[in-house]
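**Q** What follows is the residue order along each chain.
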Amino acid sequence: MSDRVLPDAADRERALDLSRHALVMAPAGSGKTGLLVHRLLRALAVVDKPEQVVAITFTNKAAAEIRARVLEVLRAAQDGIDAHDPHEKALRLSARAVLDRDARLDWQLLAQPARLNALTIDAFCAQIGAQLPLLSGLGGGIAIAEDPRGLYLDAIARLFEEIEDASVPAADRDALARVLRLSGNRLDRLVEPLSAMLARREQWMGAAASTDEDWDAQDERALASLIEPALDALHRCIDEADQRALIDLLRDGAGHAEPLAWAASLGAWPGPDAEGLALLRRIADTLLTADEKIERRHLRKPKGVNKTSGFLPQLPYTLGFKSLLESRQGDEAFVHALRGVLSAPDFALPEELRALRTAWLRVLRRLAAHLRVAFAESQQADFPQLAQSALQALRPGGGVGDALLAADRSIRHLLVDEMQDTSETQLRLLESLTAAWTPGDGRSLFLVGDPQQSIYAFRKAEVRLFLRMWDEQRLGALPLTRLRLTANFRSQPTVVGWFNDAFERIFPRVTDPLRGAVPFASSVALRDADGEGGIEVAVHDDVDAEARAVAGEAARRLAPGRTVAVLARARSHLQPIIRALREQGLTPACQDIDPLAALPEVRDLFALARALWHPEDRLAWAVLLRAPFVGLSWAQMLELSRGRAGQPWPARITAALDEGALDADGRARLRRLQDALDATAAQRSLRAELADRTEAMWMRLGGPMGCTRAALDDVRQGLRCLREETRGGSIRDPERLERRLAELYAAPREGQVQLMTVHKAKGLEFDHVLLAGLNRTVPGELRPPLHLLDLPAATLLVPRPDEAWPPEHPARESSTRAFECLHALYSEARRNEGYRLLYVAITRARRTATLHLTAERDALTGAAKLKAHSFAAMLEPVIRAHIDTVVEREATRPVEPTSTGDTTRLAMPPRTPRLRADVQVPPETGLYQPIEVRTLRPSEAVLAAQEEPVEKRDEGDLYAQLVGTLYHEAMQRIAGEGLDAWRDAGDSRRGSMAAGLRRRGMPEPRVEPAVARVIELLSRTLASDQGRWLVSPKAWSRSEYPLAGLRDGRWISAVIDRCFEDEQGRLWVVDYKTRAEALIAHEHESYVAQGVERYRAQVTQYVELLRALRPGREVRGALYFVDADRLVEVS
Amino acid sequence: MSDEALRADDAHASRERLTLTATDRLARTLREDANLDRSRSGAPVWEAPRIAGFSRWLIDTWTAGWPDAQLLSGTQELVLWRDAVERDELSSQLLAPLAAAREARRADQLLRRHAIDLESTPAWSDEHQVFRRWRRQVARRLQQNHWLTSADLAGEVARLIGEGSIAVPEAIDLVGFAAAALPASEQAVIDALIARGTQVQWIAASALRPRVQRCVLPDPESQWRFVCADLRERLRTADPPPRVVVALADPDGARELGESVLRGLLAPWAMTGEGPAPWRWERGRRLSEHPQADALLALLQLRPEDNAPELASRVLLSAALWTESERALTARADEALRDRGWPRIRLARVIEAVHESLRPRFEELARRIAQAPSRALPSEWGAHFRALADALGWPGSEALDSSSYQAVKALRGLFDRLGTLDAQLGRVPQASARDWLSELARGAAFAPRVEHAQPVLITSLDEAAAMSCDLLYVLDASAAQVPVPARPTAFVAAEALRAAGVPEAAPETWLARTQAQVARLLGGCAPEVYVCVPAVDPRGAPQQPSTLFGAADAWTRVEPARSIGTLESALTRAAPALEWPDRDIVPPVDETERTALRADSGLFRAWFESPFFAFCRYRLGVEPLPQPPRGLDARVQGTLVHRALEDLWGELRDSAGLAAIDDDALSRRIHARLDARLAALLPATEFGAVTRAIERARAHDVVLQWLRHERTRIDPFHVERCELEARPVVASLPLSLRLDRVDRVETPLGERWLVIDYKTGREADQRGWRIDQLREPQLPLYASHAATLAAGIPQVDGICFGHLKDGHPALVARTNWRKLLRSDPPADTHGEWNEDLVRWRGVMEQAARGFLDGEAWLDPRVGARSYYADLLALTHALPDDEASA
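Quick mapping for you: the protein sequence lines, in order, are chains D and Z. Here the first sequence stands for residues 10 to 1140, where the numbers follow my numbering. Here the second sequence stands for residues 78 to 962, where the numbers follow my numbering.
So that you can see chain D by itself, here it is in the shape it has in the complex (with noise of 0.2 Å):
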């Protein structure tokens, strides 16, 4: 920055008085987050936590850069590193008083920079959300829904299955009905309305909630405030004499001719009521040219004046009512006045169009609920739901704010960014936050936007609410102090030059908020001229020849440390100069522009990735067969399913390969084909996991090899997007999958020229701007179900008349005017926008931007044809001249003929390339490559068993398992406390065992079964000498004893029941043997004789590690089979 004084310096110190309440308008290029940067360590200064200083910007990258800027200059500060401008030095100051206060009460800032509390608007609404879940009703922990879509469907289907559903209030059903039959009954083709307002119903919730009675109350008072201005408007263009005239020349003319009939009644000029309003309509008919557009009519031309419209010649009023006209030809106030007239709404809605609304609040009603049992049984919320919850949570009735919030988390100061792109939830968020501050309580705003630059309405944001608070010049009750900057320190002073008279020029002259329109305000160049600079437009002939010279100019601006990027209003009017950069040998660097969609590698993935699920999808599997990495020719695929076609093609392909059919390239690229199919789905767990089949089969069939590295690249990006779609190992919702990929783009990559839209260059700058498809427009929008309208004296909420009305319904007409008329309001406010994405564009430039556009010329005049709603016709009062020499110039070279292109070419079938049918993906060699661990470390089961010696669960009975743990258990414990304790045989253990069993998982009903069981089984054990013996006390003895092991070169591992030393000093080893239900006696011999061959091997192994571990003791093997009450030694 220099040195010189800034033309908005008062209003720089203002913005960072921490005693006022701060509104800062502040265009492109003008400091306004290093303004927002020095307030926050301003108020950072003085706060006691710095949780207390909340920064709110527009997106998490924005969020991050802040808490980067103010982390860089608290490390400078904390450095010493001296500063010489006088803006650094100042900022400089205000970080060492951070820092001391940090220190002083030990804050420890730069050790958690998490506590700055500099994010979005989201993540703040999902604190207060957790800060008080009840409060909020998000109840604490619930999940944030990034695509919530699917729970949109969700809520849709839901809704309309309730049409089936008695206990759903009979008037609820019929506007179900009612709503479904706009769409001639078909679900499909409201889903994608609803889904929309679904999205936006911050927007209409509130409107939701109002009953029919208080509709029917707004509406006349809304629609004359739309009406009067109308009527206001022509009033003005047309005074008393000439009205007076008007009216005697079409009263004269109603007695000659029936067209003007309706005249007759004409006393005076007609008032501002219904009837008036239906003459001046007749009016206004009467002296414009017909077309079913409004705005294509025109006033008409003295000649064109005949007897069909009730003029008869040579008559008297004739002749006056032609020399009116020609009076006011030119006169486009009075033509645009009487548009006005003719497109304004009747000061009533039909009974019908009003019925229609009520059915669509019922139904909205409805399907509000049923989104949020969606998002309960999900436990996932939008982030308007988080927005809806904070907002409750503060109770905005109740004036509280943020004094609900924890102590330490009460909100000293908040800073507000991108204040332009707030919408109306977050607007009355910040109002309720702010509801209970009071003056002089120490606390502080500070809202910093641009109107200019509000380009987000698409994301709902609402210029208006900007306007409307610059305008009353308070936020609730909180009285705000206006700030402007003026200065531009980013731009040349010939840029800024260039655009302040552009700007000046096309942007709308007055505020109007219906219509978002936004005045421009001119900025002041501090940044001094420093070589090359201003704004060129450049004409060219076809798109091709745009992209190329784009590319040219990229090349050509190229410098080190200059940075170029190429912007568009839409991603795809940049894909042609990508590929131009391409030939030019450039790398471009693309933000969010190449679709992975787009690209044939990861489409063929995609194919693959559908082949695998759903075996008769054909379209997929033929996908996959003319993939580069399986490459069957048409030929091949013709022959494949010759005498096939009805069947699928796995089906063609085995049959194909049984019969040997196809040439011997086209069988060894099936022979592939199948070997990894085969191969894949021979493991279990392989087929399973689509993602990780998919990956194996393009592996294995080499598709790595038809990627360049940047193209694999992607393809890893696409399977990473197809490993989170199939959780679960399957594609769930193939619709999400496919929108997921329509959403990712290529990685970002290092390049030379950046290339990006308009919206993702916001905040950003760049040295030179190249501002390509100038005259190429995008699509406009459907028209919603419903127009919602606030005005400053109601709401109007207008249905969209049904498209089934036939012309001759009596609502029709009247209904279509009032819809029409909003769609109108929002149409225009939609191309207000568009000047301030222009706006946005050109001010991203520090040295030059030059506007590219390809014209077509009018067959006629020559001139070139600008594209209504193109940046190109918003600039055309600034460009036209320009790009009319430069057509002519163009014009006057001789036309090269067009080619007629290759003829052959065109009647070939579309070619793709493809991999020799041997290619093979090279093999990694050289790698660690894990072995089994048999014998180098212990094995899961030593480890495992040494974890959870208690619980061995295994598939089967489960009532048996646990039954067999309990009396394992009590063995344990009757060899440690002694058979005396356990007289009873555990009954006075009953609530312990029950408890035990329970908490295994035993199923309440038989619990008290198993207890019952067990007791039996230590009954009987207790009661035999064999079973005493073996818990008695001896010399030596284990219970539940974990051995380990490592014998033969394999790891071994084992929980001996019971052993101990007998009296003759022998080693035992006692497996014991347990049933769920107890034997008849007659059954013990077979039991015995067939558990000891079943657990031979098993106490054999144990005898054995014993034996191991007490070398030259003799080891005794024996199972003990409690229901039989035998102890039989193994051998």
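Each statement offered as a hint is correct.
Sample of chain D residues facing chain Z (criterion: CB under 10 Å; computed from the structure): (1) Gln121; (2) Phe169; (3) Ala385; (4) Leu621; (5) Gly652; (6) Arg653; (7) Gln656; (8) Glu704; (9) Arg709; (10) Arg718; (11) Ala720; (12) Pro743; (13) Glu744; (14) Gly1005; (15) Leu1055.
Examples of chain D residues toward chain Z, derived with CB under 8 Å: (16) Gly150; (17) Glu173; (18) Leu189; (19) Ala616; (20) Gly655; (21) Ser694; (22) Arg696; (23) Arg923; (24) Leu924; (25) Gly935; (26) Gln938; (27) Ile940; (28) Gly1000; (29) Ala1053.
Just so you know, the hints here were simulated from the structure itself, not pulled from any lab data. All residues carry an ideal CB built from backbone N, CA and C; glycine is no exception.
Could you slot chain Z onto chain D? The hints should help.
**A** Positioned in the frame of chain D, the structure of chain Z alone reads:
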């Protein structure tokens, strides 16, 4: 138990030295080491080392005493909390009571673990007060039923030790704990042990002075690549491989990227499923995400009626449930069900659709579903679910591999765990039991155990701080993640938590805890430590390195060369090694193929968009998979109207018949005809009564409006044919056509024949008949090729779209006698019409010949709105999609 008994017998073991660790993972590692040491010392067999995680030991110690109380599992506790939340008057305002219950349980655990008396804490907010209400409710049930929560366990064990009811070991080594960082309840256990004479020794990590490198990498992927390149070399060269720990603040969040890079660089064979990977993620994925769980949970949702098509697909397409050959059959059934266009699927329809070899399994499933009670205990539901799974043959008939086996075993265990909720839930409906089963599956982590070495462990910072290893990498060490912001509970006053020393109660204490953790990571875990941070997060936002790992100037910006494996080094940076075939032509249709062709008017429609489409659809049989419908299917609606009109004209016969009937009578007839057709087209078993009624009403209005519209035709007409089948041959291409209707019209110029095609969906636009842009060739084809000749109709004098659009019926016609059928004066345009016919005939024959000759070129102007745009996937072309900002 007496000391004498202890000396005498088994319990002697508890007097030995015991090692307790901060985490189960550390216990496992120490056990592994101890076993290895024993084997290396030459012992063939030994007593297993006594090493356990502290929490595991608490459970074992407590349960070994056979207490009367029951220790609740996490899910059992959650049930209690949810119940308390749902019973509260506030619950109706809560979006997700279960989430609230989970959060409340977390708060309760904090209180119990830190031995905070809630009643002595302030209750400033609604949150504090409501939580007390909930907690009292939970406490009441705990007390009534003699239940204990896991957070109570330490206190309980401390009490028992103090009372002398539990035998204490002689000595305990505490390993991996940050000194003096135990919560109050756990510290009480240690204190009680010491009081009972146990020698407690805190084993501090060896004071290493590791070499620490702090690196800032450009982005998350290069961070992983940097680490993997280093690991690759170390694993390759060291024998035995080093024990490596990779620590992250959020391992789950980094899993996909990390796994992708690890596979590429460390174990490419893992990508083809051909070998084991040398790394392990400490925490497995959720069990509910395993394919076997997905199959199981899906099949348990099937009902006799009203199944969403997506659910039927999920069961039918499960690769976990069916063998490859079975899946070929189930996929066919799924395709057939999709094709029917039913919005809801009955199980009986699935049974009809599946191959007979699989039918008994579905029938058995249906039988068992029918036996389900309305309410039952969770354990009974567990048994029922098991029976349903068995009926359908879950987990499939193929042998399970190790991972699947373990998953199935874990899932079967869930049925048992569901049974543990009997006492908490009581008798519940099936849906509730299924939800809790899903909750159990979501709450369980599944990491299959393997039998191969996994020297690289990827885990959380907490786990890693307790470990010892040869090499430690700390990733994502950004200021935003280390420390993450503290997350105190909103249910308890922060002052009380702070006073009790709960670390997450305040940023200062949380920082202190993290600093201790970082000190351990940097000083005691490994002799060599890499700390890495990407300069930007995955969304591109700038990141700062955490200063806890080192001051700003200690970090080095690293711009590593991209580490690549053999595979990538074989790839070029420019174009891949692909071959472009010189010729990839489509052979002509030969006689055999021609005979087998099933060509109809759609072939021409496809052809005139692009011959390539006709080739794909009619010669290769390529079609996109039908999507499950949402609501009524357009095809069903269209057929209903077509059939009703066919029936009506069968009665009315001609314009006189139509004129003779008044609107009321006509309306009644329409209703009658619709009713006759509804049963078959919208069966009551698949469509609800209201849906059928509203569609009946809509179809009635459309047909009535249409017939009223037809009444206004000027020329009397006779409906000669409806749904007429014709089989003309166009340039030797045999066609099979079906004409909606043929009228004989009495015009002032004589008798004329008019072919009508009803349009119930798309807009009818006669611009589609233009010879240079023949997008709607169907009617021109009928006209040009005298498709009606076979039915005795001499010629076609006009074609007409009958546009049956609600509220806007329209006749869009091109004839040789009148421009507009309802208003224009007659004009003999025979000549022009015949010219049109000739031209249409020409282009149709040209198209047929082209098709038969193997023409299959693609019109480059084909857009995303093309009816056949899906087929562009077969080329590398993309439609010029809508521009998007």
